[in-house]
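In the order they appear, the protein sequences are chains A and S.
In terms of the working numbering, the first sequence opens at residue 48 and continues consecutively.
In terms of the working numbering, the second sequence opens at residue 48 and continues consecutively.
Hints are computed from structural coordinates only; laboratory data are not their basis.
Computed from a predicted model, the values in this text were never measured in an experiment.
Identical chains share a label here; the pair holds if one copy fits it or two copies do between them.
25 Å max Cα-Cα, derived SDA-like pairs, lysine to any residue:
id : residue 1 : residue 2
1  : Lys-152   : Phe-191
2  : Lys-160   : Pro-119
3  : Lys-162   : Ser-117
4  : Lys-152   : Pro-140
5  : Lys-63    : Phe-221
6  : Lys-218   : Arg-261
7  : Lys-162   : Asn-144
8  : Lys-152   : Pro-186
2 protein chains.
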Amino acid sequence: MTLEPIATFRSPLSEKFGLPRQSGLAPSLEGEIVFLPDYCDPSFVRGLEGFDRIWIIWSFSANHPSDKPSRPTVRPPRLGGNVQMGVFATRSPQRPNPIGLSCVKVEEVESGKGKLSIRVSGADLMDGTPVYDIKPYIPYCDSFPDARGGFVQEHEWVTLGVDSDGAGILKKHFPGKDCEAIVQLLSQDPRPQYHSDPQRVYGMAFGGKNIRFRVEDGKVYITEVR
Amino acid sequence: MTLEPIATFRSPLSEKFGLPRQSGLAPSLEGEIVFLPDYCDPSFVRGLEGFDRIWIIWSFSANHPSDKPSRPTVRPPRLGGNVQMGVFATRSPQRPNPIGLSCVKVEEVESGKGKLSIRVSGADLMDGTPVYDIKPYIPYCDSFPDARGGFVQEHEWVTLGVDSDGAGILKKHFPGKDCEAIVQLLSQDPRPQYHSDPQRVYGMAFGGKNIRFRVEDGKVYITEVR
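Let the hints inform the model, and build the full structure from the sequences given.
Shown next as structure tokens:
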């Protein structure tokens, strides 16, 4: 099956570092689904205003280029990176077909001047990601709050606090919702597994700026925004 | 993006007629995801036993061949077939990329003798459908019971009853769960829109047999199973 993109995702996150590990982890993070010229007719989304949420079907290929052949197992970061799980029991990008699936909140459908886009929040897509399909979220066939969530449910993330001085620095550089989104992203601990040097400074790109921080005793300290 | 099938879906439903219009509408309907030879290593599904549900990403192409160019709007059967809705506001198969998305219940993972398969229930895939990806259902990022479901939520299906004599005929021909599944399928009213001739007899193929029925005053009458 050959798929052609229908849209491109726009996000303040232009690098893999800092990207939420799943949709919904940074609910204040806004992004935009910008339809390609062939799909700019607002008729394509008629009726979408009645839905709170949509599914985005996208491709990992742009974010996670991999020439490695697909292997049957992966090491989920949630399990500390040292337990092998079957690729079809995970949401890992390292899968036979690099299809991503994310449920996001619809903020606004915008159309006009030959442009059609959907502003959404809570996405885990990197800037520039090709989008292949959008489907409305239908609770009666998509929502199963009591379904057992396997190892994902059994191993919750330890989230980090953000130092209050740091939160102040962020507020100066980023208005309202962006600041909230950055705190959510940092609290998810974007560091690679096994990194625990409290002096090491990391940089997260966000909206053209770079947020420099370090992590000590479960807390994020912002060192600089540039 | 080019995708290669990883599995084939096996269902007692070999024709489009009777197929549930969404996953979950016939919860007793069983089916099987049979992995292709390259994916028969049970390592591919290690850890899946901890999840109650999975997503199947599949292709409409086998079930709903269409040479028509993609149009911006479709007429959802739920709206009586006479209202145009944007294709991205529907789950219609007539969409730019023919990707299907279904949440199903995992009944059992079966492996051995060079075969790997997942028995599931509640699917809306036709027999022979190519499967491209399987992902675990993770409630915290997939389940939003209170999300507004647009026109789908606002227009509930009128379901049909099944005549008790008919249910008896079905029980003779189909053991336990299959009989339940058939009643669920018939109660969803498989007839095309605008069909209302109470004498017209329809045939639904199921597991190699054909269930003949007619519909009068909101009730299904089984005329024959052969």
